[in-house]
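Chemist: Chain by chain, the residues run as shown.
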Amino acid sequence: MRFVLHLIEIKKGGRCLITVIEYSRDFFREVSIEEIDKLDVVINKSKVTWIRISDLKDRETFGKLAEKFKIHPLTIEDILNVDQRPKIEEFQNYTYIVLKMFKFDKSSKELSSRQLNLILGDGLLISIEEEKSKVVDNVLEWVKASRGIVRSMDADYLLYLLMDVVIDGYFIVLEEIEDEIDVLEDELTSNPSPSLLHMIHKLKRQLLQFSKNMWPLREVVGTLERSGQRFVNPQTTPYFRDLYDHTIRVIESVETLQAILSDMLDVYFSAVSNKMNEVMKMLTMIATIFMPLSFIAGIYGMNFEYMPELKWVWGYPLTLSIMLLIGVTMILYFKRKKWI
Amino acid sequence: MRFVLHLIEIKKGGRCLITVIEYSRDFFREVSIEEIDKLDVVINKSKVTWIRISDLKDRETFGKLAEKFKIHPLTIEDILNVDQRPKIEEFQNYTYIVLKMFKFDKSSKELSSRQLNLILGDGLLISIEEEKSKVVDNVLEWVKASRGIVRSMDADYLLYLLMDVVIDGYFIVLEEIEDEIDVLEDELTSNPSPSLLHMIHKLKRQLLQFSKNMWPLREVVGTLERSGQRFVNPQTTPYFRDLYDHTIRVIESVETLQAILSDMLDVYFSAVSNKMNEVMKMLTMIATIFMPLSFIAGIYGMNFEYMPELKWVWGYPLTLSIMLLIGVTMILYFKRKKWI
Amino acid sequence: MRFVLHLIEIKKGGRCLITVIEYSRDFFREVSIEEIDKLDVVINKSKVTWIRISDLKDRETFGKLAEKFKIHPLTIEDILNVDQRPKIEEFQNYTYIVLKMFKFDKSSKELSSRQLNLILGDGLLISIEEEKSKVVDNVLEWVKASRGIVRSMDADYLLYLLMDVVIDGYFIVLEEIEDEIDVLEDELTSNPSPSLLHMIHKLKRQLLQFSKNMWPLREVVGTLERSGQRFVNPQTTPYFRDLYDHTIRVIESVETLQAILSDMLDVYFSAVSNKMNEVMKMLTMIATIFMPLSFIAGIYGMNFEYMPELKWVWGYPLTLSIMLLIGVTMILYFKRKKWI
Amino acid sequence: MRFVLHLIEIKKGGRCLITVIEYSRDFFREVSIEEIDKLDVVINKSKVTWIRISDLKDRETFGKLAEKFKIHPLTIEDILNVDQRPKIEEFQNYTYIVLKMFKFDKSSKELSSRQLNLILGDGLLISIEEEKSKVVDNVLEWVKASRGIVRSMDADYLLYLLMDVVIDGYFIVLEEIEDEIDVLEDELTSNPSPSLLHMIHKLKRQLLQFSKNMWPLREVVGTLERSGQRFVNPQTTPYFRDLYDHTIRVIESVETLQAILSDMLDVYFSAVSNKMNEVMKMLTMIATIFMPLSFIAGIYGMNFEYMPELKWVWGYPLTLSIMLLIGVTMILYFKRKKWI
Amino acid sequence: MRFVLHLIEIKKGGRCLITVIEYSRDFFREVSIEEIDKLDVVINKSKVTWIRISDLKDRETFGKLAEKFKIHPLTIEDILNVDQRPKIEEFQNYTYIVLKMFKFDKSSKELSSRQLNLILGDGLLISIEEEKSKVVDNVLEWVKASRGIVRSMDADYLLYLLMDVVIDGYFIVLEEIEDEIDVLEDELTSNPSPSLLHMIHKLKRQLLQFSKNMWPLREVVGTLERSGQRFVNPQTTPYFRDLYDHTIRVIESVETLQAILSDMLDVYFSAVSNKMNEVMKMLTMIATIFMPLSFIAGIYGMNFEYMPELKWVWGYPLTLSIMLLIGVTMILYFKRKKWI
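Which chain is which? The protein sequence lines are U, R, X, L and D, in order. Quick note: this note's numbering has the first sequence finishing at residue 429, numbered continuously throughout. Quick note: this note's numbering has the second sequence finishing at residue 429, numbered continuously throughout. Quick note: this note's numbering has the third sequence finishing at residue 429, numbered continuously throughout. Quick note: this note's numbering has the fourth sequence finishing at residue 429, numbered continuously throughout. Quick note: this note's numbering has the fifth sequence finishing at residue 429, numbered continuously throughout.
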């Protein structure tokens, strides 16, 4: 994972996938078109028009789109540059919102992100996915099936729905990371290897990257929640307030996970020094037992002429017994000290 | 304890326990009903109506409740989702407040929480407990017995009373955690085991979770204290200001306990390295005493033909004496260095 | 010291000590009464009335006091609950201020606090001490002796005087703690024992408790300093501004002492690992000197038949000389490495 | 690198390089002059006048410049003092902006900076480079080639372009530092030498210096973005908002790199203590294997007369076999403990 | 250095040194008087009157001064109490500013401070130095010599000049500290002694004390810079803005130095544990070489009757050769592991 953000990377070739969805309380139409020129919609307040672009590969399309809906060139740049932070920008005739969708890859332990661009106008929502996304599919199904109150609400409620599924996705990602942490935690006390330390730091960085996106997201949702926002009806405001609550909870979960990882570093270093302690204890025990014994053996290995013990018949077995006694005493001593 | 917050978990089956309490200065009535349909109350300013729902298990009940009292669907969602942070939300015809009640389990050393939902309207308070709670029982007794000024006050004072008992409960939880910390502290210097480190981190996380709920609580109480709040009479404001003070003191206690746990980590690592020091000292003493002695024994174990000492009658006892002298000197040296 | 704050502890039995002081530029009267019923004062702007209650033991007295001066029941609760943080609360007819007076016990190294309650009305100051306090005595003497400008000022200046002596007392407490720190610092490098670590943490906690009271105090003084405060005349404002300065200096001193204690932890751990280093050096020196020597002795302890050195007359003394040489060389080597 | 900022260092001698560029939608003129006296331009709103001074060596020139364009003496001081933080200052007839351009020297691992001063007036931009800079050349080319919309915009857009290329340069610098960090990271686990620690600290300091410039830069761009800024047209505002976004991303990248370096310190200390662990294991293994063996040898080196084993024919080979057995057992034991 | 700030210390005896300077564009007069009674000046807007008091030893003088210029008693207290933080206080007829001048003593490595009090009135500046200061002398010379624009500006510009030289002095102090740090840094890797740690902590504390004065100074300058300040003319505002910039740079330099000292602590602990590593390596090498050798010697020191090797003529030299081989192999092994 590279951390320095890269400049605009324009994707060429290929083609966008454009779906136009129009709906009101009793009306639903979904049309897929391949070229932006064929797009022919009338925007009015009596229905919601949702233009979904799900696979952005073509710069030209956006040029035409920009012309049709009077979108500022900078917004087009931001859409094509998939390296944005979540943000909200108000323009004269629309509000532009950038969201990030995250995925946690369990094998490489890395977070990847996809950008979701949302343009909210009067009775109009344009959504541009970096890659076709399942969560947007789900919302489309939801609208098609006329579930909840979506069909009787305005385009701002559709925006709410899309943001809601994106933020719900964060909880799933965080749970996957939490599972990963649980696995590490088990290994931590049993085998505190340097590679484990590496894994802890890696997860810490993923969470850091993740949390870097959450703070601006909070601002985005906070802006939408505040009343007086253009294109957002007062009766939708409580929903954004609810979303704001979710965002706060995501942030708190991230902070808790970060605190756990921090604690794990503590435990790691503690486990390492415990191991050292074990090694040192072993060395000390060995030395404490055998040094006195070797010393006794050394004494009776001296070549003095007048060493009466050497002549005794019981000298040797007695010495061996004393050595045994010393050894056993030492072992009992270490047992009582709970070294063994 | 899982730290990533989970999405709405709707409890099905079972039945709610509904109690309707109506009171004014000279009047008190308490009726228990089993079905919301049988609820038949007239809300007016001449008395306080308290609807207590104490065991939420039934989704439908809330649907009917919402209809009767014009409660926003999002509030119903929040009530059923027992994973809320403390918060206050103003709606057109009521103010919705979420509180958490905590319990510290001494055997598992874990905090658990129960949600208390409060809906304050004009002359009306609806309280919804996740589980029937003793502290709410106490408040009911208090009202029944007409203690203090509660019977001559409005519904906002009842809200104050409920919040007061909940916040007083926090002090009890914190004292239990403090007792736990005291136990750990005693063990810390005597036996700094890795499991102790684990316990310290566990308590740290419980406190972190706890404190995560205190900051939004402060905001909730702060909002109620500020004048200009609907449904809160000016003469009740000083009581909420008092509550605010209590909240601040809870937060300060949490911070102090967190600081103590942090210090305990310091002490833990210090105790571990002290133990290492002890081990090393022992090794060094053993080596320092026996290495020179073994060396002397080694000298007189050499097989040179011309070693006059070996022929002396006093050679052996003299050597032993010298060894004894060296040993004793060493021990005295270590005594003076306070190693023993 | 328990850190979780306890709930109201009502002291029963006993009796309050009430002194009524009335003064203006040319007038001074001091009357001690035993029962609040006998209190008979007329409050007017032509003189200052100071009611000093210096030993609160009686709940009833306050009930009567509250009635006489229309004091809110919550204020009475706060006075009786001696576990308040410094705070200022404005009521319709008076401003209520809580201060803490600290004492540092040199033998137990613990801070204890006493509460001082001040009620400022129009031409009236009621002071309630938890325990009779010398600093309040001093202010009384000051007024009696008509020192400074106090007799020509209003009740707000008397409030200033009382606050000033209390805050001056903080500097004395901090100096005592600083002396304690100096003592610890001397011991730190000479004898870094675990009990020293314990003492550092203890002082850290005392300072933490202390500083927890300073931040709200700053707010209290800041509120009084701001113009537009009821019962505070514009010409007294500069005095409160001066007090605010003192408070800031107290806070800075606390922070500096905390930083010093933090540094001392560094030094402690450094001193511990230095000691370990010393131990390791000793072990290494002993092993490095005696292992080669013992090896040489071992060689000539071998029983090979054809070892010509053993037959030489000079074999033994030469070997001893070589051993001596090796030993001395080693010692010189360690001297040059500055291990000895 | 010295970190205390130095006072004004006035460069004497030499000569400034002055280029005057005038352009509008259909018009472009570029004139190089050597002396400020020869400068003869008419500033009006129908075209943009860009005075580029690209090598400031002459104090006098600025005196004359100041006179011509009514520039405040303090601005002149700031231009000559190349030790400024990024800042924006509004004067009556112009806005003065200081930017820093950074270069990372891969061999010395040091950041150096060059100052770019920009004076924005009505239809006028004066740019003063500390040293002739390529990025400014590029902007000049861009204007000459009439790329993008620059020729149809006002002087504020030219300011935007210059700031944009400067900020884009930051990403390049950060990538170079990131490459450096990657190199260090590889070395970290293989060879944790003190010189590596030194390198980590060095990079940390470079990033600190860098980030110290980013926060005021954010303020500068934020000021320009806010509407109501003189000399900045409303249609240019979105471009500055875009620039603000870039600045935030630079800051986030810096913070991420700083977090990585912090983690590396962790890893470094972990690697050092791992090495120590390895050393200790080796010592313990050697001692554990050879101490018992030497002890056995010591036993049969004793000179007791009655040691029956010594007389056995199989005594010696059996003893050797037992020793071998012990040695092999120990080695297997350490293998199982994964020490080898 | 004592860190708890002390209360007012009134210096008695001695005499103040008073100089009265009056100047306008074409007029300059300097008079030294010994007693405040002899002071006889007329303050008007046509000229600047600077009263310089440079050695405050006499309490009475200030009483008279206060009377003459209507200075508030609290200001007099602040002047006599040389333990102030930098601050600005507005009174009805003047603005009172406290600055600190620092000196770094290279031998004791301690910062000391002197207080400079400034009272700015309408056409009047009173400066009171704790001790006669060279930097104030320099400003006087500057005015006398009519350098720069000082003679054509008002008293606020004189204030600016005095503050400018004081703040410039901070850079010099910081450079001296930086030199000190450089010296420590060199010693750090070569000889990480506990006394070095002590020095690092000492410098850290000096910087802490220093920085504690910089934050309020920033406020002081920030207040002066803001327009709408009495006694400060709009055309002087840019000069105070420039001063504000300098203050920010001082603060940043302090922070950088603090970061460097923090890093040095890292390096210190790393160097200590590196030393330990060295010691351990030495011990391990010695043990690893001599333990196997001694074991071999031990084997051939055994007294078995049937040890054929002992009878061989080549037994002894072969054993010695094997020992040599083992020793050399070990040394080569450690060389390859880069321990030697």
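If you are wondering where the hints come from, they were derived from the structure by calculation, not from laboratory data. Watch out, some of these pointers could steer you wrong.
Note that the list lumps identical chains together, so a pair holds whenever it fits in one copy or between two copies.
Straight-line Cα separation of at most 20 Å, EDC-like style, residue types lysine to aspartate or glutamate; simulated pairs [stated by the list, open to error]:
#, residue 1, residue 2
1, LYS427, GLU276
2, LYS159, ASP331
3, LYS192, GLU178
4, LYS159, GLU124
5, LYS291, GLU199
6, LYS159, ASP172
7, LYS198, ASP271
8, LYS153, GLU398
Chemist: The structure should be examined with respect to each hint, and the outcome stated for every one.
Modeler: We went through each hint and held it up to the structure:
no.: 1; hint: LYS427 <-> GLU276; verdict: between (24 Å within a copy, 16 Å between copies)
no.: 2; hint: LYS159 <-> ASP331; verdict: between (32 Å within a copy, 18 Å between copies)
no.: 3; hint: LYS192 <-> GLU178; verdict: neither (25 Å within a copy, 33 Å between copies)
no.: 4; hint: LYS159 <-> GLU124; verdict: within (18 Å within a copy, 48 Å between copies)
no.: 5; hint: LYS291 <-> GLU199; verdict: within (8 Å within a copy, 27 Å between copies)
no.: 6; hint: LYS159 <-> ASP172; verdict: neither (23 Å within a copy, 43 Å between copies)
no.: 7; hint: LYS198 <-> ASP271; verdict: both (13 Å within a copy, 19 Å between copies)
no.: 8; hint: LYS153 <-> GLU398; verdict: neither (110 Å within a copy, 98 Å between copies)
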